[in-house]
Amino acid sequence: MEIDKFSNYPFLTRTVQYVADMGTPVDNILTSRSFDITRYRARSRVLQAIHGDIQHDDTVNFTVELLSYAVARIMVSCLNDAFLTRRYSLAEAKYAYHMMKQENNEVLQEIGEDLHIVASVTESGLFYLHFTDYIRGAVRLRSIQWKLVNRILNSGYVSITKEEYARLLQEAVRSRIIDALPLNVPDEFCQALEKYLLEIKASVDISRTEFDEAGFGNVESEHFPPCIVHLISNAQGGINLAHSARFALTSFLLNIGMSVDQVVSLFNVSPDFNEEKTRYQVEHISGSTGTAYKPPSCTTLITYGNCYGKDKLCETIRHPLNYYKRKKKTGSAK
Amino acid sequence: MNPSTVLFLKRKFQGHYKKHPPQSPPQLNQREWGFLMFDPGSGMYRHKAFYNNQEMHEYIQAMVPAHVYHSTAYYEHPSASTMKEKSWLGADLIFDLDADHLPNVPDSYKDMLKSVKNETLNLIDFLLYDFGFKENELHIAFSGGRGYHIHIRDQKVLRLDSAQRREIVDYVSGTGLNRDRIFKKKTIEGDSKRSKVLMFPSESQGGWGKLINRKIITFLQILVDSEDAEKNLIDFKAIGKKKAIKIIDTINSPAQLEQMKNGNFSALSFIPADFWENALDQIIPTIKVNIDEPVTADIKRLIRAASSLHGKTGLKVIPLTLDELSRFEPLVDAVVFGDNEIMINVIQPSIVELKDERFEVEEGRNILPEYAAIYLMCKGAAEFMEVLK
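In order, the protein sequences belong to chains A and B.
The opening position of the first sequence corresponds to residue 15 in my numbering, with each subsequent residue numbered one higher.
The opening position of the second sequence corresponds to residue 444 in my numbering, with each subsequent residue numbered one higher.
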């Protein structure tokens, strides 16, 4: 990879080393006038990440782009907010993906090697990689085509297209960035960046409120995902649910704000209904013992055969709670 | 289980363990151990760790547990009492094949184990050919109970998390298989014309594609080879006499068959989609492997130790190579106790099939060879009375 590409992939080991070798003192970057543009670009990276995608900026040069990544990470670390860290890591990874898609095979392979998702390129131009490397990225991708079972797996290896390989690398970039945050930054750094931090914090707060408003108010059963509707009708029809199905249903209902009593009464028609036992289990899932359980993700529901009646919205979510949130949001906007 | 039965079984297990202690898994000092005792109500002993074989042997010879387990995981501090303090370092990839998770298992213990062995061999095909593990990387064991375990310790799998392991589970069980990708109508551009042909995965493709190709062809061959082939075909929706004859002719043509092996089913493009859906409904369950799914996805599980005794049968957990597995007779080869006559009081009428013998016992006093008596006592179907020699 040519050095001039380093600013596109600031998270790579080689790039990090390159920046370290530049030897520019951090406090200088955070305070000196000559780095105004760098700090401003860092601020843009973070602000754009909160609301969507990081945009390429043609007006900044190589060094600014390269160093602004480091400053942006310091900003995110100062605020140390889980929501911001998640959003920021995802946006940086997507930003890298757009550039990776356009790289030639060799550059992509070099990035893959650095991210420990090693691939060779076959004669037909496909990327050939070990299944363990494949699933480390693919497991987070929700579309069914990414499931290993839908790939040609031969002697431990799968072949994927260049674009798919870039998409897997995006996941690896996201993990690398989020796993390293927050950085351990001295207070002086944060003080130097205060004016930016206030602005970013305000933006995070607005974004979070929007998110919460889309959260759970009153329980609205017309917004339940099809799997939950199916499980409820089974439970109410007196059909005995498998343990995993019961758990999925109970944890879902508790999470959207139903009370233990309401959930218990739902199971009252089950053939083996035992009020005391049911109440104990529901209370356990609700967290009376100290751990509240989240409902299982779509992947887990599929694995245990509890995914029923998948619809279009299901294609866009990974978790039944998000289905409910989304539907409620669009439902109330009508 | 009454106290004299507990005492007898402990003495017998102890005698065995003095000569043949359980085996250590690799990285013994990073494993947690757990034990269940014969004494009723004693609960599980967990969070034990041993630094060497001798320590483990001495503990087991002294405590004589009914069940001996160790973690599939490697921990920095295996004896710490919370998962957080244990600090997880990785875990073997485990498959548990158990009669409880197979459809239509026969009642007899022997036949049941035979069908689990078959399922195990099917899984091994997936592991060798699809996942590319080497034969010597598959550590197979008879569980001493109702099935088999496979442990894989390849460096590449040790750090996989639970969701990633679930992808492996879904692969072998065919969960989430996207049928739209299996058979599709593909438009082929010819020199002068375009035509739509029906494509299946080819036999050379490997994995699910290969298996589906083979089974679809077998499925068609069986249909066509039957005496009432024409009538059977007409029974399918939207297949009339003309189409039936065309199907029979196609399947009987070696040239067409060769095409189909390559995934080209264009000669059968006239068959309606319903027919193929129906065929897949029948074929997929014969390809998928039934495993105890949560075991594979669990990265902090305890698993029965190799060469330990199973406290509910008295049978030994026997490690096996692939060659040994095909010849293995669990109900002969895993029996470790002798033929001395033991008088027992049978509580539940039972059948014991061990060492090629069959004993049918009614309630009350019975005299059985030691290995059969121990089996019933371990099962809780009998209590010890006395040793007759």
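It should be emphasised that the hints constitute simulated quantities derived from the structure, not laboratory data.
Careful, some of the hints might be misleading.
FRET-style restraints, in silico, Cβ to Cβ [to be verified]: (1) GLU120(A) with ILE665(B): 49 to 59 Å; (2) SER524(B) with GLU120(A): 47 to 57 Å; (3) ILE794(B) with TYR322(A): 51 to 61 Å.
Only pairs whose alpha carbons sit at most 27 Å apart, straight line, appear in this in silico BS3-like list of lysine-lysine [what the hints assert, rightly or not]: (4) LYS658(B) with LYS326(A); (5) LYS291(A) with LYS108(A); (6) LYS453(B) with LYS324(A); (7) LYS577(B) with LYS627(B).
Here a beta-carbon is modelled for each residue, glycine too, at the ideal position from N, C-alpha and C.
For each hint, the structure was consulted:
1. GLU120(A) with ILE665(B): 49 to 59 Å: holds (51 Å)
2. SER524(B) with GLU120(A): 47 to 57 Å: holds (51 Å)
3. ILE794(B) with TYR322(A): 51 to 61 Å: With a Cβ separation near 41 Å, ILE794(B) and TYR322(A) fall outside 51 to 61 Å, so the hint is violated.
4. LYS658(B) with LYS326(A): Not OK: LYS658(B) and LYS326(A) at ~32 Å, beyond 27 Å, violated.
5. LYS291(A) with LYS108(A): violated (48 Å)
6. LYS453(B) with LYS324(A): violated (54 Å)
7. LYS577(B) with LYS627(B): violated (34 Å)
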